[in-house]
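Residue numbers (my numbering), protein chains in the order written: chain A, 1185 to 1506; chain B, 6 to 364; chain C, 622 to 907.
None of these hints come from the bench; they were simulated from the model.
None of these values were measured; they are calculated from a predicted model.
Among the hints, erroneous ones may be present.
As the list claims (entries may be wrong) - With the C-beta cut set under 7 Å, the calculated list includes, among others, these residues of chain B facing chain A:
#, residue
1, T85
2, I124
3, C271
4, G283
5, Y311
Think of the CB as a built atom: it goes at the ideal place given N, C-alpha and C, for glycine as much as any other residue.
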Amino acid sequence: MPLREFRNENNANNAGNANNASNEFILLRSKFRHFTISPFRYLFYMEKLLVPMICKVDKVIQETPDIRTYRLNFREEGLMENFTWLPGQFVEFSLLGSGECTFCIASSVTRKGYFDCSIKKAGVVTADIHTSLEEGDDVGIRGPFGNWFPLEDIKGKNVLFVGGGIGLAPLRSLIQYCIDNRGDYNDFTILYGARTSADMCYKDEIKEWQDNKTLNVVLTIDKPEETWTTNVGVVPKILEEVVKPEIENTKVITCGPPIMIKYTIQSLLKLGFADRDIITTLEMKMQCGLGKCGRCNIGSTYVCKDGPVFTNEQLKGLPDEF
Amino acid sequence: MSFSTFVTDKPGLQKFYEAVLASHETYAPAEKFGKFDFKLVSRISECDPESPIAKTQSIKPLFFPRSAKVMKYVATSAGTDVSEVDEDPLAVKRIIIGAKHCDARSLQVLDKVYNWDYIDTDYQKRRENTVIISTRCDKADTHCFCTSLDYDVENLDAMDVLVVNGAEGKIYLRARTEKGETFLKENFSQQLAVGSEQSEVGSRHSAEEEMKKQYAAFAESFRLKMNYKEVNERLSKIFDTPEFEKVSANCVSCNTCAFICPTCHCFKISDEKVKDTGLRYKSYDSCNNGYFTLMAGGHNPRPAKYRRWRQRAMHKFVYYKERFGENLCVGCGKCTIACPVNISIFEVVNQVASAGIQE
Amino acid sequence: MNYTKQIQDIAAKLFAEGKIDVFVGYRVNGFDDNQVPALITDPQDVPKLVFTDKSVFNLVNYLKSEHTRRKRVGLVVKGCDSRSLNLMLTESQVKRENLYVIGICCEGVVDETGQKMQNCVECAVPDAVVSDELLGTPMSGSLTLTYRVNADIAKLSEMPLTERAAYFEEVFENCIRCNACRHSCPLCYCAKCCIDQETATLYNGANTTSSAFHALMTWSLHLAGRCVDCRNCEKACPSHLPLHLLHKQNESVIYENFQEHLAGVIPEDRGAFYKYSLKDPDDFIM
């Protein structure tokens, strides 16, 4: 059963990491509680994980009319240097007084001194964030939680990123990470689609990527626009018609709206990709991030602990409830 | 390791309870509006340690409060100050009198989820500081089905002290855990003991014999019986059966079953803000609630009632077992009694499982 | 009171003629002789239907369920149920042409202990006011359709204020905020309710005594002038809270000030809260 295998594998992974980590724990005394950060850079233990740490908003970037990127830094000195995460992990972001939301970290740990969260206005709390959270304000952060993209697996391989809309955020963390460790990877393709050109996030950064000779960037929008000179069409179509990825030795990492992921996976399978080479991150409602509150249950899997990154092979073993 | 057993009689037990009530913070079923809830009591007359199962709420709120303060924050000009809120009962030693078998068992089941990966320290502290005294059930209620599940009801050691009503008015107080052992030794005064001519080992043996004798009659009194292994196996194979739609048709989508259930542990986090200060609460939530998985963009993986019911039944009987090795339902039947339309989880899983055979 | 035979016959006939998609009635719950609602879509299940004095639940509640939405529904209603149905019709929640209503001239239903329920003892409208077919002998003629002082309310209003406050504090303290009251009320049909924890806007979603107070008070005010005293909420409450007190108190205030009584008896009557006139008294507002 794929599900069980996956869990064992995951547990084995965790156990291995914990062993590594226990060799040299760094103990850091904070004002509120002590927590330890492993050299493995993800394992992060606090006594009361439901209490957030306070972060300051350093910068607000209005990406699109309804997406904002918040650049955050810990209020307390010395925390940022020790706050480590891997691409694909998420944090619980609380606008104090309004509520808590789950967002993935949109920047890479290799870019020191800050971390980014990109937030799309969708519900009550995110609308509050957009209207009231400005530079210099405080937010609560818990995390990082969840698993991460299989960095070891994609080493030495071609990597194809397929993103749609706000779904570029978790990919951006990995793309930055890969760019900063460029030597570890082969060919790089980024396919990014949005409804309109105005709905594209990280426009400046995409320009940087386009200027980078070692990256192949393909952009698309859903409907034609006057100023738009390149591809027009939905992501799966462009994937099949324009990108035409190599199947051998390639890993695909995709994230976007549920409907886009569904059709992208279909066309990837049509192109001949194996299930285990398709990696995606799931969106599920979460509240604790600790495998306790039960919201993110899909079958016996806790998305907050076993996910949010899954291969298509693992997804096939889950009940159809995501 | 075997623990000690003390013998007393009815007045002796009353006196023992009174002594415990006087010296410890004690929670016992107290009646209010015709329903027994575990409340802080100071006199034995305020509570009924042998309250009927059907009318008694579970002890879950004592470990996982209906609403717990997680943290408070104060926004000042210099920045926001966040601090933990420590709920008072955490450090105080507490005694629970009158817990049922299923209540005690539910904590054993909950331990699994609270202790995997991240350890819930609040729960853990409450657990460590609480001694559970449970009276052995002698008769099943209409909706009980604990004997049909995956745990050994006869030799259950989830409670710390077990009270067994023996023949000839004898009452045995049996320690079941080390915590219970120390508690009994400290609090059971030998003046209350009867039949002192018996040796320690002798009384343990007679208690065990008594329990064995009683158990047969107790197991016989169950109206609801099922083959757990079969049900579990079948349920794990029939995710897509239309039967869930039928069994959930008259569910009114309230949260009662989950809030009453001794093992349901889903919660939500909500904020309360007054000017610059605020509190964050962690309170019960239920998967039967339509908002439970509704995401900000409007996407809901479980929009229909039958999907939510399937999640509830499967989580109890399949998923949790798969993940943590225990069945999440302890068979107390409290949800059926509390349900506005008497939907019985026993009936639901059996009906779905048997529909699986017909297909 | 036993209309099992008649209801089974009517349901079978309706299914045979293809007039309905789903029939909402009662069946025996399978473990004791109490009854639970049954939503029947298969004509083969018709023999399961029963109707006796244990048919307590107000079935109009299911008209807001996803199982009956946009379907032709056969429905059994007692006197109080029919009043809530009348309100649902007035408030445009259901279409009359989609319903086939079997009205019962109710002689009162009993609770689990076998005693006649208190609201049935006080009932002023035992006959169904909306029906396509009426079972039993109508007796409304011998009753006056008027407001009656509830015994509990009379007792409460004699209590000193502090005692009353203490009593209600106990009520709210025992509330576990499961919202069974709101979900089993036929007239709480809002998809997004202000007392649901997730969409609560007026107060915190936590299960504290103060939020229970706010939730239950808001809820009872939304039902002021609409409550038909079917006691679905009270029967549903897992903590056995005396919720009818809130509604009955509202009813008495509305009766005293607006001379409105008995919600849902007159078709198209929108009740005190929907009507406004300059002559409306306002001195009872604090």
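Checked hints:
1. T85: Holds: closest Cβ of chain A sits about 4 Å from B:T85, inside 7 Å.
2. I124: Violated. Min distance 9 Å.
3. C271: holds (4 Å)
4. G283: holds (5 Å)
5. Y311: violated (12 Å)
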